[in-house]
Amino acid sequence: MNVKVMHFVIAAVSLLLSVNAFAAAPIKIGALFAVTGPAAFLGEPERNSAKMVIDEINKAGGVKGHKLELVAYDTAGDATKAVQLATKLIKDDKVVAIIGPSTTGETMAVIPVAEKEQIPLISCSAGSKITDPVKKWVFKTAQNDSLAVGKIFEYLQKAKQTNVSILTVSDGFGASGREQLKNQAGKYGITIVSDDTYGPKDTDMTAQLTKIRGSHAQAIICWGTNPGPAVIAKNARQLGIKTPLFMSHGVSSKKFIELAGEAAEGIKLPSGKVVVADILPNSDQQKKSLMAFVKDYQKHYKAEGDHFGGHAWDAVMLIRNAIDNGADTSASIRDQLEKTRGFAGIGGSFNYSAQDHAGLGKDAFVLVEIKNKDWVIVK
Amino acid sequence: MQFDQILQYVLSGLSTGAIYALIGIGFSIIYNATGIINFAQGEFVMLGGLLTLSCLELLKLPLWAAIPCAIAVSTVVGILFERLAIRPLKQPTPINLVIITIGGSILIRGLAMLVWGKDTHAIPPFSGDTPIAIGGATILPQHLWILAITLLIIVINKVYFYHTISGKAMRACSYNRRAAGLVGIDVRRMVLFSFIISSAMGAVAGIIVAPLTMTAYDVGVMLGLKGFCAAIIGGMSSGISTVIGGLILGVLESLGAGLISSGYKDAIAFIILLLILFIRPQGLFGKADSERV
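Protein chains in written order, with the working numbering: chain C, 1 to 379; chain U, 380 to 672.
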């Protein structure tokens with residue numbers, strides 16, 4: 001590089017820097033996502049969605065003259081790393097609020113940091129213990145498992161199929177689902193006639209299903225994330241099991257239909273509204289947000305937007321709205337977040353209050369059935 | 380407990396066990412030729428499945444052409460692995476070699492994650508998926524494919540090791556490498572052969588299970604470990620005892636999941652592994668000083 005070019009570069013760089021200095025200071029929002037590691041299927045769409053929506057907000061002129069700046073770190077799904085990075089975000093990057101982490105384990109580890117430093121944390125993970133009991137600085141956008149369980153039980157109660165078998169995966173997601181299924185069964189008059197588990201890497205579940213077949217259940221509820229439930233669907237078809245099969249919201253993606261193929265037909269599951277955005281009735285108040293999110297995601301990343309990305313989208317929008325309502329410090333953002341009413345996001349309609357930092361009701365889920373390799377809403 | 384339930388457990392167990400057996404034989408062939416446990420064996424299982432997927436979807440090959448293609452590419456990976464990671468080693472002590480195979484398996488898995496992503500993929504079954512009823516139990520046509528192909532491979536193995544010169548040479552290496560070298564057998568070539576055979580067998584196992592279990596970049600870990608268990612039960616023989624080891628393991632797992640608790644399925648496999656290593660390290664069927672082929 002010759003001297004002339006060097007001078008030009010220095011001039012250009014200093015010009016850029018000075019321009020920045022004159023504009024209103026950007027508001028920094030921190031983010032912790034498990035972009036790599038075992039929970040990457042959560043972290044990657046979350047980071048993508050957060051980046052996307054912040055870019056859009058800035059393109060539209062920012063919020064109240066402030067640009068937003070996202071400082072996102074990868075936790076690799078590691079709770080220890082998440083705590084270190086949360087401290088870094090607060091001490092070094094001086095963020096006003098933190099979005100994430102992606103998993104319940106990481107979130108529980110980061111909560112003490114956020115509480116101590118008094119920084120609002122909007123978690124993208126589903127565990128109900130995150131906001132139960134309510135913690136002053138902690139909110140979440142992902143739907144509680146209990147809402148999904150309620151949706152299935154409500155249907156079973158109406159259909160008078162009250163003897164059910166449950167088959168859950170032996171990881172955090174399955175354990176939480178199993179607990180909710182057992183806790184809520186009584187409330188809906190449902191009897192659990194058999195309770196089995198399978199390993200997340202298991203490749204054959206005919207043994208468990210054979211046992212279930214002998215138990216005369218009227219419905220089978222399986223709680224897991226891909227690929228296990230697809231194997232179960234195939235195994236059930238192989239064994240000729242005609243008992244209605246229910247899945248969790250953990251498999252509400254096209255990937256499940258692709259993996260299970262023919263065996264997916266007729267399976268019912270509670271699902272967030274993202275995957276069925278286009279078939280929702282126009283009267284649904286979330287429809288506008290959902291369609292915008294799905295279209296944007298498709299445009300930016302050439303992939304279908306999913307629930308996980310939606311959790312981050314909701315978190316960014318909640319902070320944006322808080323700032324729009326005049327908040328600019330951590331404390332005022334927290335207060336404004338708590339005043340959120342009827343925000344129709346991706347995960348559902350959020351109504352936070354001093355007693356409720358999860359903010360969603362049962363309408364966050366719809367019960368869908370798989371027909372002809374596509375979703376149909378069960379009335 | 381009804382009879383047809385038990386029958387179903389046994390049938391499911393046998394078909395899973397056949398896969399463990401195929402992978403287990405891959406372990407023992409390399410062990411016999413080189414004295415090392417190749418912990419990258421599971422990765423060839425993964426490669427077989429994922430390469431078939433690529434041949435089907437990217438190259439648009441029909442299934443009958445995609446399978447040999449995938450086996451060939453996996454075998455090339457096996458050859459490269461032996462050439463680049465095993466052969467150049469200055470001090471081929473068993474512990475060094477084992478660590479290298481573990482490193483190799485992490486590398487192959489990582490590359491596969493970059494190439495195929497983290498998603499699980501499905502491969503169509505070879506001949507439909509209409510269940511076949513046997514007594515009160517049902518199996519899929521794919522299960523028959525698995526049992527038949529496993530049987531075929533065992534027969535080919537037997538013929539190769541006992542009725543061909545290079546097979547006999549490989550057995551000679553396993554008895555005594557130095558003596559085999561002295562009578563003019565190229566021991567290093569035999570090592571390469573062992574990697575070729577076992578990577579191809581691993582790939583076959585990966586391909587025939589993929590329609591049932593689906594495949595992803597990380598399926599090799601668990602299948603590899605179960606195959607290793609089968610080989611240990613069979614006393615690291617590359618013959619019928621490893622096959623029986625695999626079948627026993629599959630059936631016990633399936634019965635355990637059905638009759639005791641599904642939560643203990645993997646524990647059963649590893650308890651058996653530990654028991655065998657403690658009580659009968661020569662394998663379930665081996666004599667204390669048994670032949671190893």
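Rather than coming from a laboratory, the hints here were simulated on the basis of the structure. Be aware that one or more of the hints could be misleading.
Claimed, not checked - Only pairs whose alpha carbons sit at most 16 Å apart, straight line, appear in this in silico EDC-like list of lysine to aspartate or glutamate:
(1) C/K94 x C/E56
(2) C/K91 x C/D55
(3) C/K187 x C/D171
(4) C/K201 x U/D508
(5) C/K254 x U/D645
(6) C/K373 x C/E262
(7) C/K362 x C/D374
(8) C/K362 x C/E154
(9) C/K28 x C/D328
(10) C/K362 x C/E265
(11) C/K201 x U/E436
(12) C/K67 x C/D324
(13) C/K255 x U/D383
(14) C/K201 x U/D597
(15) C/K88 x C/E117
**Message:** Please verify whether C/K201 and U/E436 have alpha carbons no more than 16 Å apart.
**Reply:** 25 Å, violated
**Prompt:** Under the criterion that the straight-line Cα-Cα distance not exceed 16 Å, is the pair C/K67, C/D324 satisfied?
**Reply:** OK: C/K67 and C/D324 at ~12 Å, within 16 Å.
**Message:** So if I understand the rule, the pair passes when the alpha-carbon distance is 16 Å or less; does C/K201 with U/D597 pass?
**Reply:** 9 Å, holds
**Asked** Given the hinted pair C/K255 and U/D383, is their alpha-carbon gap at most 16 Å?
**Response** At roughly 34 Å apart (the allowed maximum being 16 Å), U/D383 and C/K255 break the hint.
**Message:** Hint check: C/K254 vs U/D645, CA-CA at most 16 Å. Holds or violated?
**Reply:** Given that 16 Å is the threshold and the Cα spacing comes to 30 Å, the pair is violated.
**Message:** What's the verdict on C/K88 and C/E117, does the C-alpha distance respect the 16 Å limit or exceed it?
**Reply:** With a Cα-Cα distance of about 12 Å, the restraint between C/K88 and C/E117 holds, given a limit of 16 Å.
**Message:** Just to be careful, I want the Cα atoms of C/K362 and C/E154 compared with a cutoff of 16 Å; is the pair within it?
**Reply:** Satisfied, since the Cα-Cα distance of roughly 10 Å is no more than 16 Å.
**Prompt:** Are the Cα atoms of C/K373 and C/E262 separated by 16 Å or less?
**Reply:** 8 Å, holds
**Prompt:** Between C/K94 and C/E56, is the straight-line Cα distance small enough, at 16 Å or below?
**Reply:** With a Cα-Cα distance of about 23 Å, the restraint between C/K94 and C/E56 is violated, given a limit of 16 Å.
**Asked** Has the given pair, C/K187 with C/D171, been kept, meaning a C-alpha gap of at most 16 Å?
**Response** Violated: C/K187 and C/D171 sit about 25 Å apart, past 16 Å.
**Prompt:** When you check the alpha-carbon spacing of C/K201 and U/D508, does it fall within 16 Å?
**Reply:** Roughly 22 Å separates the two Cα atoms, so the pair is violated.
**Prompt:** Taking 16 Å as the top limit, are the C-alpha atoms of C/K362 and C/D374 close enough?
**Reply:** 23 Å, violated
Checked against the numbered hints given earlier, this structure breaks hints 1, 2, 3, 4, 5, 7, 10, 11, 13; the rest are met.
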